[in-house]
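These protein sequence lines map, in sequence, to chains B and U.
Numbering follows the numbering used here, with no gaps: position 118 of the first sequence is 118.
Numbering follows the numbering used here, with no gaps: position 150 of the second sequence is 150.
Hints are computed from structural coordinates only; laboratory data are not their basis.
Some hints here could point you the wrong way.
Pairs involving identical chains hold if they fit within one copy or between any two copies, as the list cannot separate such chains.
Calculated pairs, DSS-like style, for lysine-lysine (alpha carbon to alpha carbon, straight line, at most 25 angstroms) [to be verified]:
1) Lys112 x Lys54
2) Lys128 x Lys68
3) Lys100 x Lys25
4) Lys50 x Lys135
5) Lys98 x Lys50
6) Lys135 x Lys59
7) Lys50 x Lys21
8) Lys112 x Lys50
9) Lys76 x Lys54
10) Lys155 x Lys100
11) Lys76 x Lys135
12) Lys76 x Lys100
13) Lys59 x Lys155
14) Lys59 x Lys25
Protein chains: 2
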Amino acid sequence: MATLDREVAVRVVLQQCLHAKLQVKPQDENSDAEWVEIQRGMVVYVCFFKGSMKDIIPKIVHSLLNVKLSESDSGKRVSITELPGDVLIVPQATLGGKSKGHYMQYHSNASKEQGIELYDLLIAQCQKELEAHPKWLESGAVLRYGTYGNRQVLKLDTNGPYTHLLEF
Amino acid sequence: MATLDREVAVRVVLQQCLHAKLQVKPQDENSDAEWVEIQRGMVVYVCFFKGSMKDIIPKIVHSLLNVKLSESDSGKRVSITELPGDVLIVPQATLGGKSKGHYMQYHSNASKEQGIELYDLLIAQCQKELEAHPKWLESGAVLRYGTYGNRQVLKLDTNGPYTHLLEF
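Using the sequences and the accompanying hints, generate a full structural model.
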């Protein structure tokens, strides 16, 4: 069995994709829905727990950008910066859920204010770190992200999602 | 923070979907790829760790079928049997990964033989329990599943994946 014996501040689920499309603004009476899209790359679902501090963000960014989970054309596992591939960050508060009877409770989740602050920081630092990789920057790869607090309407096309859990 | 202080035998990630399509047999020189499809319902990614025993399967099935994670037409959270909705089970050994430096290691994963045995049992018991719910059975909802050990080529269309982690 896998032993878990520590506190978790941030939970991340990663899925590899060929294409992903995320709604960032729902349709309203005046305008159509707005979407962001990525091509081949990685979808990052993220949830912050109570007690998450800003100083954990560099560690998360370092992992996301360096862990070898993407499949190169030759079938080798490489990092997203080595691929180089797109990144889509999706806020996903439901990842903080804990089952209690037949219901899920989210009592450990960070407050909305705290979550937004950490989320904005995560995106800013991801963008900065990605741009520090010349191969990534020159490839024209992009970072896209969802709107914190929105419903994350998502369409995903994969060649195997290769789903991973990372906890910080 | 969320405190984790126990061993994990089975890790499950759940995503809600409007439609999902999973390859169950890749294309070869003699035949096209084969796919299974579900409509509105739930995608269940599952990973078994070393030490997982058969007696955990009923507990997992009970949770999957009763936890209220699906959104009804009126926006209420209901179980997949109450919805009633389709279920797609996807073997996902990558969920057992643990990062070590920039690589993922899968040392805690169950052996392929053990995994297949538990996976087959999970599917059989899910099918049996789903059919025991008259509303689910009469709705024409279906259970579909991937081929253990294959690459899980997946296409997913959601109205919000509402991603949850369950550990047993």
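How the hints compare with the structure:
Taking the shortest alpha-carbon separations for lysine 112 and lysine 54, only the intra-copy value of 15 angstroms comes in at or below 25 angstroms, while the best inter-copy value is 40 angstroms. In this homomeric assembly, lysine 128 and lysine 68 come within 25 angstroms of each other (Cα to Cα) only inside a single copy, at 19 angstroms, whereas the closest approach across copies is 39 angstroms. Taking the shortest alpha-carbon separations for lysine 100 and lysine 25, neither the intra-copy value of 32 angstroms nor the inter-copy value of 38 angstroms comes in at or below 25 angstroms. Neither within a single protomer nor between protomers do lysine 50 and lysine 135 lie at most 25 angstroms apart by alpha-carbon distance, with minima of 36 angstroms and 39 angstroms respectively.
Within a single copy, lysine 98 and lysine 50 get their C-alpha atoms as close as 14 angstroms, and across copies as close as 23 angstroms, so both meet the 25 angstroms cut-off. In the homo-oligomer, the alpha carbons of lysine 135 and lysine 59 lie at most 25 angstroms apart inside one protomer (21 angstroms), although the nearest pairing across protomers, at 48 angstroms, exceeds that limit. For the identical chains of this complex, lysine 50 and lysine 21 are neighbours neither inside a copy (29 angstroms) nor across copies (36 angstroms), given an alpha-carbon limit of 25 angstroms. When the C-alpha separation of lysine 112 and lysine 50 is checked against a cutoff of 25 angstroms, the pair qualifies only within one copy, where the shortest distance is 10 angstroms, while the shortest distance between copies is 38 angstroms.
In this assembly of identical chains, lysine 76 and lysine 54 lie within 25 angstroms of each other by CA distance neither inside one copy nor across copies; the values are 33 angstroms within and 35 angstroms between. Within a single copy, lysine 155 and lysine 100 get their C-alpha atoms no closer than 30 angstroms, and across copies no closer than 31 angstroms, so neither meets the 25 angstroms cut-off. For the identical chains of this complex, lysine 76 and lysine 135 are intra-copy neighbours only, at 17 angstroms inside a copy versus 47 angstroms across copies, given an alpha-carbon limit of 25 angstroms. Within a single copy, lysine 76 and lysine 100 get their C-alpha atoms only as close as 41 angstroms, which misses the 25 angstroms cut-off; across copies the closest is 17 angstroms, which meets it.
Within a single copy, lysine 59 and lysine 155 get their C-alpha atoms no closer than 28 angstroms, and across copies no closer than 31 angstroms, so neither meets the 25 angstroms cut-off. In the homo-oligomer, the alpha carbons of lysine 59 and lysine 25 never lie at most 25 angstroms apart, since the shortest distance is 30 angstroms inside one protomer and 39 angstroms across protomers.
The structure fails hints 3, 4, 7, 9, 10, 13, 14 (numbered hints given earlier, in ascending order).
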